[in-house]
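Generate the whole structure from the sequences, applying the supplied hints.
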Amino acid sequence: MDSIKTEIVVVGAGPGGYAAAFYAADLGKKVILIEREKKLGGVCLNRGCIPSKALLYATHQIVNSRESAHRGITFAEPKIEVDKLRAWKGSIIEKLAGGVASLAKMRGVTVITGRAYFEGSNKLRVETEQGQQFVEYDKAILAVGSAPAMPKAFDLGNPRVMTSTEALEVTDIPENLLVIGGGYIGMELGFVYSALGSKVTVVEAMDAILAGADADLARPVVANAKKSFKEIRLKARVTKMATVGKQIKVDSEFNGEKLSELYDRVLVSVGRVPNSADLGLENTKAVLDEKGFVKVNSQQQTDDPSIYAIGDIAGGILLAHKAHKEARNAVENIHGESGIFESIIPAVVFTDPELAWCGLTEAEAKEKGVAYVVSKFPWSASGRALSFDRTDGVTKMLIDPETERVLGVGICGAGAGELIAEAVLAMEMGATVEDIALTIHAHPTLSETLMECAEAFYGHATHTFTKRKSAE
Amino acid sequence: MDVKLPKLGEGADSGVVVGIFVKEGDTIANGQAIMELENEKAVASIPSTAAGVVEKIYVKAGDRIGVGAKILSVAGGGSAPAPAPAVAPAAKPAAKKVAAKPAPVVEDDEPVAESADEIVNENPFASPSVRKAAREFGIDLHKVAGDESGRITAEDIKNYIARLMRAAARPAKVVAEAAPAAKPAPVSVDFSQWGPILKKPVTPLRKVIARRMSESWNSVARVTQFDDIDFTKLGELRKKFAADYEKKGVKLTLTPFVLKAVAATLKAHPIFNSSLDEVASEIVIKEYIHLGIAVDTEQGLMVPVIRDVDKKSMFDLAKELETLAAKARDRKISADEMKGGTFTISNQGAIGGAHFTPIINLPEVAILGLGRGAMKPVVRDGQIVARLLTPIALSYDHRVIDGGSAARFTVDLVKAFENFDEALVKI
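The listed protein sequences correspond, in order, to chains A and B.
Under our numbering, the very last position in the first sequence is 488; numbers go up by exactly one each time.
Under our numbering, the very last position in the second sequence is 460; numbers go up by exactly one each time.
Everything labelled a hint here was simulated from the structure, so no lab data went into it.
Computed from a predicted model, the values in this text were never measured in an experiment.
Mixed in with the good hints there might be a few duds.
Claimed, not checked - Quick list of the computed label-pair ranges, beta carbon to beta carbon:
| # | chain 1 | residue 1 | chain 2 | residue 2 | range |
| --- | --- | --- | --- | --- | --- |
| 1 | A | LEU250 | B | GLY333 | 53 to 61 Å |
| 2 | A | LYS382 | B | ASP363 | 33 to 41 Å |
| 3 | A | GLY296 | B | GLY333 | 57 to 65 Å |
As the list claims (entries may be wrong) - Taking lysine-lysine and the DSSO-like style, the derived pairs with C-alpha atoms no more than 27 Å apart in a straight line are:
| # | chain 1 | residue 1 | chain 2 | residue 2 |
| --- | --- | --- | --- | --- |
| 4 | B | LYS365 | B | LYS56 |
| 5 | A | LYS382 | B | LYS93 |
| 6 | A | LYS311 | A | LYS265 |
| 7 | B | LYS273 | B | LYS344 |
| 8 | B | LYS272 | B | LYS365 |
| 9 | A | LYS382 | B | LYS56 |
| 10 | B | LYS352 | B | LYS284 |
| 11 | A | LYS45 | B | LYS165 |
| 12 | A | LYS69 | A | LYS45 |
| 13 | A | LYS45 | A | LYS55 |
| 14 | B | LYS165 | A | LYS311 |
| 15 | B | LYS352 | B | LYS319 |
| 16 | B | LYS448 | A | LYS382 |
| 17 | B | LYS56 | A | LYS384 |
| 18 | B | LYS233 | A | LYS384 |
| 19 | B | LYS191 | B | LYS165 |
| 20 | B | LYS448 | B | LYS344 |
| 21 | B | LYS89 | A | LYS382 |
| 22 | A | LYS384 | B | LYS352 |
| 23 | A | LYS301 | A | LYS242 |
| 24 | A | LYS341 | B | LYS165 |
| 25 | B | LYS176 | B | LYS191 |
| 26 | B | LYS233 | A | LYS46 |
| 27 | B | LYS93 | A | LYS384 |
| 28 | A | LYS256 | A | LYS307 |
| 29 | A | LYS382 | B | LYS37 |
| 30 | A | LYS341 | A | LYS55 |
| 31 | B | LYS280 | B | LYS300 |
| 32 | B | LYS344 | B | LYS300 |
| 33 | A | LYS139 | A | LYS55 |
| 34 | A | LYS262 | A | LYS274 |
| 35 | A | LYS168 | A | LYS311 |
| 36 | A | LYS384 | B | LYS89 |
| 37 | A | LYS46 | A | LYS69 |
| 38 | A | LYS121 | A | LYS100 |
| 39 | A | LYS384 | B | LYS103 |
Even for Gly, the Cβ is constructed at its ideal location relative to N, Cα and C.
Structure below.
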């Protein structure tokens, strides 16, 4: 039977997989990249990061136009053409996926479209449209990612019950939208739909929205969501859903009351599950954890020495940039260099306003018993933030009082996702808070909030006044 | 207020925590022993530098910590400045930790961490590219000094590698280190198959003792020379002056006599007061006489050191002995008080037994063991008389000392005991 031999095979062409394939090819390896979908790019490019950001950008325009009357500029009520919006979003994906494909071609990476199945530790079977294809390899890098979780109880087989995948398709604008799960996916899409005109209700089982971030950082997001959404219910639980005509009947418990309501659409955003089933991993020595993620060591190697795993499938934080770094590490280890993950992973939530952090959160510092001092700079003191009416932000630093090194940075505010990059670099370089305070930051920019936050630690930020402890 | 590991003394900047004497919630006094630290050749107790209630303990047994490492924090009381406000913004002095870095002078005899696990940088930080370079060379950043704040640059990594290479080029103690490698892997035997057993964990101090003894056993070419010394006169002198010493609050034992006699003999035979520096291929003869005294404690062997024995009076020696032995038994002895010995004395006379073969306390080259003295018939001037004879055993390192020298040392030592000058004992 037909069998191709290669040095490295990468299964899954998401941001982890294609990065691994390209890097391995750049290092002179013979590489095959297998993707079950026709378009490369994985969830990030097709059904995640990129389309959601496109929709958020588009819908921000609606919000901005509505909020400029007090500046003396008024617009007519926007006319929303959902089909055109979807097509524009699709064109972005098309461009990027095409870009990935041509980058693969330029590097001589062979792309096979089909489902991969492990026959053994060094052999894969790929089910392609043209039939079976066998691949024999020295090392495999597993990058098959994850998919939105859909609990059985919610899975009515009704397209009105959506995961993020369907929600990003924007089939229509539901009058009433229920979002189950107040994590970053639910909140980002909640803002998209609320800007489009849906009445959004968020139901969260825990007692906080965006629970991974410090509460003081999430506060501006929660405040804006409360203003924009119909309702946010904490410590609430959906018990049952049923199809009733063109709507979904949702039974829930909230505040000790049993509610029964009708929604036009429901977005289930309660987490993601690894795509580890139906891969033939049982024919290899790779081991899964109890949640179905593939276990790896610090070199990204699974229990099968021939198989590495990166990105969502390897567990940990499910973020594209973590997958990208793991891709580099896996390839370096295969290539005989030593790559281990010791990097700081920034987290960005593209809500309105954005929320981003890196290093330790205050909650983590408390839990770990790390000594820290907090310095905060409110955006109400930033001229740049005032100039575009977005003073609902805060820049916060956790500082080691002994060494004055930066332990963690959190930013909530417009453009926080871009601003966090400076903090990540500062932390990777082992910067002290004084290093940041002494660095000139251009005026007027939001980046100044980092400098002023650092200065506030010493009690001499220009645009805030902090009473010195010793003077009390 | 944090209690940090104080400077330990010459050339020592880290150690392994053997045990912690206090727990969170305890009230401690300034100077009170809070933990025990093993470093180089000593296990020593570390005193607290603050008083108050222990809030948090940051170290545990087995941790390797460096000078300046946080041991514990105390609240309330204290000899120290009032606790600083926990929340910023505190008024910070503008300039700090920014000492001028000396020009990088590459010195050939720059000390390189000898033992592979020497931690010189408690809290290293470096940029991603520097960390990657370190990883590729297999360098643990904790072993690279960096600047005062612990920051390591690419230059520091280069210098560290250069130093390692120079050290490797030197005639190192390869032979000594290679020997134990041949040791077979330990096997665990199930002794309960032959009868009831009781299991006890090996204490950290026991581990230290075991390691040092093995090191000595594996590297030293040891010979033990035996003799019996007539202690009759010493016994009489002791009895004669015991009361005088007693009046001044000091118990006169035979050990100060031993110290004086050994010190006098070492002066005449300086090779016994030396060390072998294998790295430099040199024999280092010490012009001071610091004698180690093996003390049997409940937990195990400890060796406090009495300094300048040749220059001290019998009374001072007797007094110092009492204090040091008590400190050792209470495990309150400091690291410095167990360092710098030039020769060791192990006196088992108070317990019993005759000749034994002591193991040399490296890096010293000889050790004197004394057994229990007993009345024995001996021939003196053609007559059989009863004399108090004490069995002695002198172990020496034959790499440094030859048999003839050892015999001559023993002869002079016997003389020093038997002709002990009464004037030295008088107070």
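Structure-based check of each hint:
1. LEU250/A with GLY333/B: 53 to 61 Å: 60 Å, holds
2. LYS382/A with ASP363/B: 33 to 41 Å: 39 Å Cβ-Cβ, so the 33 to 41 Å window holds.
3. GLY296/A with GLY333/B: 57 to 65 Å: Taking Cβ atoms as reference, GLY296/A and GLY333/B lie about 59 Å apart, which means the hint holds.
4. LYS365/B with LYS56/B: 17 Å, holds
5. LYS382/A with LYS93/B: Answer holds: LYS382/A to LYS93/B is near 21 Å, not above 27 Å.
6. LYS311/A with LYS265/A: 40 Å, violated
7. LYS273/B with LYS344/B: 23 Å, holds
8. LYS272/B with LYS365/B: Measuring from Cα to Cα gives roughly 31 Å; hence the hint is violated.
9. LYS382/A with LYS56/B: 21 Å, holds
10. LYS352/B with LYS284/B: Status holds; Cα separation ~8 Å.
11. LYS45/A with LYS165/B: Judged against 27 Å, a Cα distance of about 22 Å means the pair holds.
12. LYS69/A with LYS45/A: Violated - the C-alpha atoms of LYS45/A and LYS69/A are around 34 Å apart, more than 27 Å.
13. LYS45/A with LYS55/A: Judged against 27 Å, a Cα distance of about 23 Å means the pair holds.
14. LYS165/B with LYS311/A: 24 Å, holds
15. LYS352/B with LYS319/B: Holds. LYS352/B to LYS319/B sits at ~25 Å (cutoff 27 Å).
16. LYS448/B with LYS382/A: 70 Å, violated
17. LYS56/B with LYS384/A: Holds: LYS56/B and LYS384/A sit about 20 Å apart, inside 27 Å.
18. LYS233/B with LYS384/A: 33 Å, violated
19. LYS191/B with LYS165/B: Holds, because 13 Å separates the two Cα atoms, which is no more than 27 Å.
20. LYS448/B with LYS344/B: 20 Å, holds
21. LYS89/B with LYS382/A: This hinted pair holds, its Cα atoms lying about 14 Å apart.
22. LYS384/A with LYS352/B: Status violated; Cα separation ~50 Å.
23. LYS301/A with LYS242/A: Judged against 27 Å, a Cα distance of about 49 Å means the pair is violated.
24. LYS341/A with LYS165/B: 14 Å, holds
25. LYS176/B with LYS191/B: Status holds; Cα separation ~13 Å.
26. LYS233/B with LYS46/A: 58 Å, violated
27. LYS93/B with LYS384/A: Holds, at roughly 16 Å.
28. LYS256/A with LYS307/A: 24 Å, holds
29. LYS382/A with LYS37/B: OK: LYS382/A and LYS37/B at ~22 Å, within 27 Å.
30. LYS341/A with LYS55/A: Between LYS341/A and LYS55/A the Cα gap is close to 22 Å, so the pair holds against 27 Å.
31. LYS280/B with LYS300/B: 32 Å, violated
32. LYS344/B with LYS300/B: 12 Å, holds
33. LYS139/A with LYS55/A: Measuring from Cα to Cα gives roughly 24 Å; hence the hint holds.
34. LYS262/A with LYS274/A: At roughly 23 Å apart (the allowed maximum being 27 Å), LYS274/A and LYS262/A satisfy the hint.
35. LYS168/A with LYS311/A: 26 Å, holds
36. LYS384/A with LYS89/B: 13 Å, holds
37. LYS46/A with LYS69/A: 34 Å, violated
38. LYS121/A with LYS100/A: 31 Å, violated
39. LYS384/A with LYS103/B: 16 Å, holds
Violated hints, in rising order: 6, 8, 12, 16, 18, 22, 23, 26, 31, 37, 38; the structure is consistent with all others.
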